[in-house]
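Visitor: First to last, the protein sequences are chains Y and S. Per the numbering used here, the first sequence starts with residue 2, numbered consecutively. Per the numbering used here, the second sequence starts with residue 2, numbered consecutively.
Incorrect hints may appear among the rest.
The list treats identical chains as one, so a pair stands whether inside a single copy or across any two.
List of simulated lysine to aspartate or glutamate pairs, DMTMM-like, C-alpha gap at most 20 Å [as the list claims (entries may be wrong)]: (1) Lys504 x Glu196; (2) Lys504 x Glu488; (3) Lys253 x Asp590; (4) Lys504 x Glu597; (5) Lys504 x Asp216; (6) Lys253 x Glu591.
Worth flagging that the hints you see were computed from the coordinates, not collected in a lab.
2 protein chains.
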Amino acid sequence: MANPVLPSSGVLSPLGLDDVRLAPGFWGGRVTLNRDVTIAHCQEWMEREGWIGNFRGRRPRRGREFSDSEIYKLLEAMAWAGHPDLTPLAETVARAQEGDGYLNTRWTGNRYSDLEWGHELYCYGHLIQAGVARLRNHGEDRLTEVARRAADHVCRRFMDTNETCGHPEIEMALVELYRATGAERYLEMARRLVERRGLPALGEIHLGRAYFQDDLPVRQAQVFRGHAVRALYLASGAVDVAVETGDEALLKAIEAQWERTVARRTHLTGGMGSRHADESFGEDYELPPDRAYSETCAGIASIMLAHRLLLATGDARYADVAERTLYNVLATAVALDGRSFFYANPLRVRVPAEPLDGVNHAAEGGLRSPWFDVSCCPNNIARTLASFAAYVATADPGGIQIHHYTPGEIRHGSLALRVETGYPWSGEVTVRVLSDASGRVSLRVPPWATGATLSRTSSAGSPEGSPDSASGGSAVRTVAPGYATVEGEWRAGDVIRLELPMKARWTFPDRRVDALRGSVAVERGPLVYCAESVDDEPPLADVAARVTVPPAVAAAAAVVPDGEGPIEVEMRVEMGVEIAAVLGAPDADEWPYRAEPDPVGGADTTLRLVPYHRWGNRGPATMRVWLPVAE
Amino acid sequence: MANPVLPSSGVLSPLGLDDVRLAPGFWGGRVTLNRDVTIAHCQEWMEREGWIGNFRGRRPRRGREFSDSEIYKLLEAMAWAGHPDLTPLAETVARAQEGDGYLNTRWTGNRYSDLEWGHELYCYGHLIQAGVARLRNHGEDRLTEVARRAADHVCRRFMDTNETCGHPEIEMALVELYRATGAERYLEMARRLVERRGLPALGEIHLGRAYFQDDLPVRQAQVFRGHAVRALYLASGAVDVAVETGDEALLKAIEAQWERTVARRTHLTGGMGSRHADESFGEDYELPPDRAYSETCAGIASIMLAHRLLLATGDARYADVAERTLYNVLATAVALDGRSFFYANPLRVRVPAEPLDGVNHAAEGGLRSPWFDVSCCPNNIARTLASFAAYVATADPGGIQIHHYTPGEIRHGSLALRVETGYPWSGEVTVRVLSDASGRVSLRVPPWATGATLSRTSSAGSPEGSPDSASGGSAVRTVAPGYATVEGEWRAGDVIRLELPMKARWTFPDRRVDALRGSVAVERGPLVYCAESVDDEPPLADVAARVTVPPAVAAAAAVVPDGEGPIEVEMRVEMGVEIAAVLGAPDADEWPYRAEPDPVGGADTTLRLVPYHRWGNRGPATMRVWLPVAE
């Protein structure tokens, strides 16, 4: 089964890339673009920057201490995509491996001399994930052999120490290698790495132990904290260990940490991490939009974690958060041409960024860049989109659950379904049964979709388009958020129709989020919207929303010119939203603290909003997700 | 004249430490504590950390690349304080100077190999300022000689290049050395360093050229940007150059940059700098209280700049901002025992900091620390408090201007005045004329002091306490913010009384400061207040202010136990404020973005506020300056 996560137990079982075939659509277009453009883009940049050359022994070595991991992430992407460049690149990597399995272009000759910052086990983690991807989507080859030898080396070297790596990642990789091979030492190594963290297992660093989650044992923590990617990778590994060892307490601990983090430390987009200084979660409710860091890799890590928790528990809220993050972080982080990327994904950009052709030395989020000094995000996007189909649907003994709506076909057991939808632009999802079968079909109803309806139309005698006909259709019924389930025997041609209400809606923050007080955002379906200062938009610093008038969906428009690559039609659709707004700035440009309140008012105007994931594709601009509420 | 800044022209002339004698009071107590405790504390820590040992040639060298500057700042503090340890410490420094004047313990043997980050000219700047302090408060000695030799070396090495230092500071030091010695090469060197910056004069760094103000020529910039201390030191040097060279355009440019920065990039406390990641100003109106960086050194630099602009222009608004920063950044940054310090001064602390006895590796602002890896702030506080008297008053051909009210005596020409006041706890300021004289006396009326009154009582025949008596007193008149002036001939015993209204008051933010929308703060006189979670305060995350009830001053209380040092009585006074508040948290602990507004309400309570500069003197606590406005 071709899936990055294949637990041996859990409420739901994932379907793989072989079970879920994507057709053109929001995600299908992006997956194609990723395969045809982004993967090659990443490979070219890593050749240019010398990070691949490091494996050829070229000196001086180039790139940061963790740059090996980028090649491994790309190899994982190539493995899922069935990309022809995988074999020669894997061969280059293989030749750099030492006799005992050690492999690292930065620390060779000086092994494990800086576990806090060296990233050696982190790099292995990505190598092993690439190996597992290759094994599952192709079979044994040179890459899988290199990954296993590295994993065996790690087990020999670290099984009986109390050490770990400053950057978690290898934990989930080792569990997956255990799942793929059955070799229990990998699971035991992962279990020990999870358990020894926080005893503590690492030395002091100036950022403090919480930075790399070595301040507390995993099962004692209350919330995710410190460096967001580290925290979320560790939690993912802990879930994997908990599931494979039947450790209910550990699973519950991560669930509780996730719950508090989602309630108090997550941006509207699903983005995680408030602080630029150490790429960390802030404190509870510390969520200023200006400086939302919301790193792309943290968003991906959050999707990975939510997917694992969904599989373990079957709870729809994990898929809800994954969906929010997919549409508003992952889809945002890559440009429509597949060649430039956001590292940070702030919710407010006050000054248009300077265009930059070359390597971006900073991680700011004003404009997508073709490459970064720390270029973790592009390769992480590549491997995630390459394995996107693995997140769409799952199975349990009773049938299939569809979590994310995108056109394509899903097969499991006797059930074969075709999903037709314009989601997220349209709320209509049609699931067509392709052959006679029996089993339950469950469709996720997102929490915002109050009033969603479901109907079933039988192919036998039911006229097309009359789902409520007595002969073959079931009545349209309202379904609550969670999973809407249709049970029964199926005939080829039967149809299930889910209708999700897609009105644009206002969203208000919890009063404890200081930085958002008196502000409002617009969402529609799973999409967060934003104002963007291209065309003739008014100055975004001076607008406010009139929330007494509901936001209105504007006509769909194809505002993005054709790219050079094979961009799917879907990617040129933009469903805008218009809101009633006021425009007005205080006259004063003086000390900004005064004896009287400064009411948010101005002259009536309308403001057009675009989906957040689309912003920044038309050149430098200002942008804001949260707007002041006009008084 | 003993003053760190002695321009040869300008609307106002500074008075020196010899003209202004401080008596016990808010600042007098702090200046004494600084002289008796803080200076020795800094010296001890720099011996312990090896930073002084570096000058003795001990290897391996210890401390950061700029640690030499810390010894120089301490020498400046010692020079102003007339401290006996100056001579041996200066001797230690002198012995490390090379034959041609070069002096740096980090880069000796590898001079000027990293101008972007090396801080060599920055260190000279502090050395030269120490030398000037010594020259003015004592006379020529070994320290002044070392400083001059270093300055001469800099002029020889850099006069005809296009290079500069990554950290501005030497510009103002060289101008001051010119002022103190008359040697024009120092002014010319300073002028060239100011002018060549931004052409650009430095190499690329990953933080971008704006970080060290090398993105634009000084006179073309619109606002202070990048690293806050660097920006403010550069601006101070530019003002000094402008004043000495009669460059009106340059002066106007800095005034305009200051004006926009104060209107859009300054915290309520006067603190400057929003971002932790690069210690920089954020964009306009990017002022989240959580992560206000508001570095102590940036506050000091802002006071230095405002003082220079005040001298050049005579405009009260510069003294207004200086006062705000003195009371709410400088006074905040040092503990009541003089032995621990804030580096960052955030306006919100959500989680009590962990107590720490040793060196603080971070710059977070949760608890004052005895020392830091980057320990710029303690020595900067020491030199600023040691020269505090220099900021109090100025003179012009017509008389004396008093800018900051603290008990003491001020003498200039024939005028000798004694100031008696309990400011900032009380708004009554009494200025007693000590001998017969003539001249104008001007008293600054801060912008919040609407309704301030002034009266003059003649000693001849006027009964004590009847300022409006026809015989010897003038009528009480209301005076507007700015300078209130009394002209005339004076007899010993004449009295001027200024009465500043000291009601606690609500302060609201400009609507453009997103992170403060719907919030309110309390100020009283020059003091910003805050809620602090010691004693039995309610959880600060769940309180809101009822702004329909005016804040009330609570009885003065001596809540701080006697320290070990000779703390003045004044430092034990605390004038609290009580406000009507509501207390209530939402029940939900779930996704914090919802379809309905979350009104700020709760059960009625009262909340006690303390002056912001006093917070954190009673152990770990949460704190907030801005409170939500209850609906």
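Visitor: Give a verdict on every hint.
Guide: Against the structure, the hints:
| no. | hint | result |
| --- | --- | --- |
| 1 | Lys504 x Glu196 | neither (47 Å within a copy, 58 Å between copies) |
| 2 | Lys504 x Glu488 | neither (29 Å within a copy, 71 Å between copies) |
| 3 | Lys253 x Asp590 | between (53 Å within a copy, 17 Å between copies) |
| 4 | Lys504 x Glu597 | between (38 Å within a copy, 15 Å between copies) |
| 5 | Lys504 x Asp216 | neither (45 Å within a copy, 46 Å between copies) |
| 6 | Lys253 x Glu591 | between (53 Å within a copy, 17 Å between copies) |
The structure shown violates the earlier hints numbered 1, 2, 5.
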